[in-house]
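All chains should be modelled from the sequences, with the hints used to inform the complete structure.
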Amino acid sequence: MKKLLNPKVLLFISLLPLIVLMSLFYAQYSIIKSLLNSESLQIWKSFGYLTMSILIGHSITLVYFLKNKKTLHKLYAIITLFIYIGLAYWYSYHTDDFIPFNIPRWMISTELIIYVGSFLMPTIIHSIIVVMLDLTKNIETQNSVLNFGLAFTVPFLWYMTSQIALPLYKIVDSQFGEHLIFICIIASIISFLFFLFRGIYILVQNKSEKWKKYDLTWKIPIALVFPILGLLLNNGIIAEIISARGDGVFGNFNNPWFYIIAVCNGILLCLPQFSNPKTRLVLFALKAITYCYTVYFFLIFIPFLPFSVVAVIALGLGFLMLAPLLLFVFQTTQMQTDFQFLKTFYSKTKLISIQLIGFCILPLCIIGTFIHDKMILNETLEYVYAPNLNKTYTIDKKSLENTLQKISIQKNSKNNILFGSQTPYISMLFNWIVLDNLTLSDEKINTIEAIFTGTQHSSYTLPKNENSNVTLNTYTISTKYDHKNHCYKSWVNLSLKNNSNSDFQGYTTQFTLPENCFISDYYLYVGKLKKKGLLTEKKSALWVFNQIQNENKDPGILYYQNDTTLGFKVFPFTAQEERKTGFEIIHKEDVSLVLDGKTIFIPVNSSIDDTKNIETQNAIYIPNSKKKQLEQIVRKPIYNFIIDVSSLAKKDQNHQIETIEQYIAREKINKDAILFTVCNSTINTISSLEELKNYKYEGGFYLERALQKNLIQNYKSKNPKQLIPIVVTENIQQAIMSYDFNNLSFTFPEHRYFYNLQTNGQLNSHDLTFQPKEVVAINQKVETKIPVYRYPLKNSYTYFTLNATATVLLKNKETYKEYNLETLDLFTQGIETKAMMQLMLLNPEQKESHWFNLLKLSFTSKILNPITAYIVVENEAQEKMLLKKQQEVINGNKNLDLEESEIQRMSEPETFLIFILCFIIYLHSKNKNKIIN
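1 is the number of the first residue of the sequence shown in the numbering used here; add one for each residue after it.
Distance condition first, Cα-Cα at most 27 Å in a straight line; then the derived DSSO-like pairs of lysine-lysine:
1. 716 / 811
2. 626 / 484
3. 287 / 8
Don't read these hints as lab results, they were simulated from the structure.
Set out below in structure tokens:
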């Protein structure tokens, strides 16, 4: 323990924590400073000056002691103690000024406030220990029992004071009296810790024969009993104070490994100190491994040491809060003793290496497990949301199940007080390594479980318009032709009205933008001020919108809910309030859109001749007038039988072959026009129905992937045919289909239907583009004689629907040719946007590269696309928070989410203190009631 007098420890105990604390506070300050009043600004600046001064002072102290080769002494420790306690007291006194009530809570990193104790307490504890070491000489003459008695006299005096003196507290009705009481409390806590540390130090350093003979009487409680009891108490096994979800007061330590390591560590520490060097070296290496476990719990409980006094008063078991401290001091001292013994037989380098390697084993095992979880999750997310359709995936379902369970624990703990169902620091590490500090939405978790386990969850549907009170009142259209950009620019100006007498009403609607139209601007009136929308990444914009909405402020957002449907939200509306908003559309042809039940028609000027083909490096825009001149053909059909081989279809296995064969014979389908696809969690092609007899029926019915894969592969083939999907299943409602296929409509130009063939021979049609699980017609006949337009490309043909709208064709269906898009006019940039979207749909394995290109193109052109959103925020702080969240999304896995991202959030200091006190009062009253009973 005397190594703590080495001035080099200041680098890790004082300087590094201060630097981290300052950087975290500065990051928070840079976000909220525009919302702070002059008094709060001064408080923040004062805190910065104080911490910087302390940092400089520590640096000078470190240089002085190193240069003069001196060890730390009590004068340094006493001065440091006063400074740090003064800073902590000053901070707690001005907490409300740091974060005024006008600051939205979602902008505050509440972990920062809780962890102030974590960064200041190490130096405070170190200073107390330095004073204790300086005042503790001649260990053999010292009495540890006396020091423990003096330590526990402090909580006894607290208890007596609370029973006798506290009722008289109202007499002291001045600010001076309050400060005096708090100073007394702080002094008593320091005294408690001083005598406690001194008692532990004397206990472990005493080498008298009497202590050696009976050392197990105190080793077993400190090394084995107290840690196990602490885990049992925290996890609710001793006292029924914890929820049934496995939440703990200080974290979730229910994993069996916590108990296993605690027992192993306790046994190692209780073993005698063998004189055989090899045996001692092996034990030293094993202790080095478990030492990481001891340090881990020591770091967790450092901020709570002052509350241990109150815990001892409230409940006898409250002293278990001190168990990590006792164990840390005991194991550190024992390892130091082992080191001194072993260095006479082995080199210091070897011993230090063993110690460092051993200490790193447990963290490396945890990190390795998390990296494996990340690999499993990323492969799963790739398979579901960005698959290589030509690749065979092998997902470890057991590991996936464990990973999803961990993620669910992360999500469910966001509202818990303290660490709740999180495991301190380890959960943060999991969130950083596995989830890139993002999360996985419930919708995606449910989808993944349904695919790989067959577990059924309610399917996702777009939210309905809920504007019973707020409706579209009036609208105006303003259109002009932009000769520079060769397109029309039309402003759709909307007047929305709250028709009720209720406040805090919102407007939410969805609408579909016609083909080859693009939104290029957005505005919302906030009061009398017209604010232009910010174009940002969509996930971060939606997250910020929801947070602002919870604060009843003035956000508005316009974004793509999927590749074809836009969402539009404005909030809030006061009683009978009317608000104005609008967006700009760029287009070349007439536009008709339905908004909130009203049809808005935007005609173009027929006198302007703008009917030429537009060709870029990646796409060709063909206006309707040119389409009519193209060749029309009828493509050969290919019947794609998609056979359900999920666990739900096991009972129908014997009937499926017969049903398919009867249909083929009835419709006289040529064998060359048939494609058999088997579908469960994976999609495979079989050459004949005979292979179906021995097929393993398991998992979910991932129909969405089967349709996606076959439509895309047919479209990208050199000679694409008319694909007719026929789904052979009795479980169409249990099929996994999160969305419709409207975004892939260019891959099925003949018609928008697929068919469900049931074992009774009935063939029902379903719409690929709208509610695909719903039956359109019963006993439907497949129509194959449908003409389409054919357009020649370099080495193949492409086909598109006979309709009266312009079309965008890809010149290359595999890769995107990058070039300087800023030289293009605005509408041509819109064409490139659509081409990039189509390429991302056709080549989902290229999703990440196309995602970045789409984001960049959207930011430069100001054209909205499915990965960006227009949002109006009120102030600079909201805008900075938006940009911060946007950067998190950009740096993370694009298949993850920001939803439910309040991970590892903790209560504010006031809430934290109130919880501790309420919890202690509860335990005390419960214990008292048991005694009375």
